[in-house]
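Chain B: place on chain A using the hints.
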Amino acid sequence: MDLKSIFRSTEFGIFIAFIVLCALLSLATPKFLTVYNISTVMRQFSFIAVMSVGMTMVILTGGIDLSVGCVLALVNVLAALFIKKFGVGGGIILALLSGTFVGFLNGLIIDRLELPPFIVTLGMMNVARGLALVITKGWPITGLPSSITFLSEGSIGSIPVPGIIVAVVYIFGYIFLSRTVWGRYIYAAGGNEKATWLSGVNIHIIKIMVYTITGFLCGVAGIMMTSRLSQGTPTTGTGYELSVIAAVVIGGTDLFGGIGSVLGSLIGAAIIGVLQNGLVLLGVSAFWQKVIIGLVIIIAVAGGSIRRKLSRRTE
Amino acid sequence: MDNEYILKMAGISKAFPGVKALNKVDFNLKKGEVHAVVGENGAGKSTLSKILTGAYKKDEGSIILDGKEVELLDPKHSLNLGISGIYQEFNLIPNLSIAENIFLGREPRTRSVFVNFPELYQNAEYFLKKIGIKKKPQTLVGKLNVAEQQMVEIVKSLSLSSKILIMDEPTSALTESEKNTLFEIIRNLKKRGVSIIFISHIIDEVLEIADRVTVLRDGGYIGTLNISEATPDKIVKMMVGRELKNFYPKEKLKRGEIVLEVKHLTKRDKYEDISFQLYSGEVLGFAGLVGSSRSEVMRGIFGIEPPDSGEIYIRGKRVEISSPSEAIRLKMGFVPEDRRGEGLILTRSVKDNITIAYLPWINSYGFVKQKDEEKITANYGDDLKIRATSYRQMVRDLSGGNQQKVVLAKWLATKPKILILDDPTRGIDVGTKSEIYSLINNLIKEGIGIILISSELSEIINISDRIIVMREGITAAEFSKEEANQELIMHYCFSGEMEV
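Protein sequence lines correspond, in order, to chains A and B. Here the first sequence is numbered in the working numbering, starting from 1 and rising by one per residue. Here the second sequence is numbered in the working numbering, starting from 1001 and rising by one per residue.
Think of the hints as simulated: they come from the structure by calculation, not from any bench. For clarity, every value in this text was computed on a predicted model and none was experimentally measured. All C-beta atoms in this analysis are idealised placements derived from N, C-alpha and C, irrespective of residue type, glycine included. All the given hints hold, so there is nothing to weed out.
Example chain B residues on the side facing chain A (calculated, C-beta under 8 Å, incomplete):
1. I1304
2. I1328
3. F1334
4. E1342
5. G1343
6. L1344
7. I1345
8. T1347
9. R1348
10. D1352
11. A1357
12. L1359
13. F1367
14. K1410
Bound conformation, chain A alone (with noise of 0.2 Å):
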């Protein structure tokens, strides 16, 4: 790639951004540029940082995943009801077979049974937060080992856990989309699944593949967050599904699929983390937060529709 395409690029577009909000963020206030705060926008964010990984692959293919942040906090549950259980080694596996095994739910009955993504999620994301709340009667499930900390207190170096997870998962999600036969039929999938299908490739496989995968990332994000809360919750995530989708729309991929990348939505998730996180050290209400945050979102999208009739016009 040669330095006119990543200039062109819509990542490099949605990076300045994020550089010229970091910039106006340490102006405003001396707090935002500190290894302190740097990090703990890490911690606070890689939550929707890892499950937007996943979500890109489902919206590339053209699909949505409404359940990610109930899948998070069914998986919270579990981890802590099997950790107390199985240990800290066996209760993570098992949790994160859930996760996965939601999302393989997910992925089967959309494709199966030809239902839009957004009618089955809808429905899981209900089911998810419903069962979360069956399991614990509404109540934390408390009284975990204290080793489980590590994974969102810890520290390896000066790196914050939680950020070498983000690093891994998206190293691995960059890989696989842009280096393997999957990644290239998600791809093609999402830009016409006809055609895909008429090339010989089996799109039930990579549509049932996306959702499990984004089930796992949220089976390994609901681990995380049972190592931030040191319980189970069985309401925590509200609202996360949000969060996640505007990360991956901001980071430029099509709601309609086929164009879009994870580095995007890298960069997508960190606006978000950063811009949450500077309303609060410039004291803005956490209701006046909302409105912000929902009119970048909207700015956003609009700024990548416009530069897309742009460049069509010029070609």
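Chain B only, in chain A's frame:
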């Protein structure tokens, strides 16, 4: 004299990127006349009608409507001037009634908010009666058959007090008796002074219903005949009379063994008892009209819409093909008719499009072997002379001809033994067409068996070694290259009752 004509078009031209769709075409229409426009696919019939209905803008030429020169701006403008088009695909809403469809957006109101249904139905009834349709205006359009829906479209145009009605292949989906009803209505309209442009490629019909006939060929105006001086022979000659021998660099090869054999292939309501053999090193052409189910048979063989019954043998072995991936594994390739809808992933690069069907053979543990990929792309991309800024360019940004080359390259990359080409030169400029013909020539030298479907008769005749003619889902005739000529094939394409 001028009063006699409701419409005069002179020197109409229209170009699309790479194609001159119409070149200085003249056309005029008398009051109360049925004027047929005939020509092969790509002759410019539809373009001409779309210019009249305002869907396309002419590049040059003049349109004089009722003695006044007009510029047709958009479909709404044409409609207001009294020009209505009735297309093969209807613009009706199935879950509304006949009356609601006719007066959609113009419903009579009470207190300017509520639809006045009694008046609505009464008005609809009036128009239905006027052209003799015995249907209740309350009937849902979704419950009507194709012929009846077409009538509703006609009634709708009448209610708009249209003076000119353009019918684009109106009989293509009709049965014989429905066709007679339609013709009855057309005669009725004529008496009321409505002028009708009747676009068709079915000569019998034209002779039956039209007063005059204008022939177009390759976007050019060939001539206009009064129906009294027209004969099928004359019209066919005008439609196809083109010599382009050196355009087709076809060599005759000795054909090899049978690579594909199909026995009694049947799909309900599509095709019946189709049997044929394809030899390596030959081009087997399939001629037929739209609706003859040529494409459907090929789609059945390739596993896209598998047939209900019948047998397929590949290199002598019986196979079941229930999806394209199985067909590809059996070394088949399929270039679909709908290039953008089924052939390409427009938002991906040339490279990704060329290699997608071949990825299963160029990966290790799921990782794409990038060197192989680049090599294959360069190989076939250069071979077919795909013109792109680089092979990383999005396919969306290529011209139609280059897009088609990408589809061809994709299939060639899979090294097929059997290649099905469904109208591979449709909408492509002449230069690329000729390149594709040379390519076909080279492929059969390598021993590939090629099935060619084309809507251009001259293409089929010049490229194929054998030709099978399909009509309404059955094989009507088979010819060798030597026996075949355009009149003969046309005869079998049409009802078969035509005198040759």
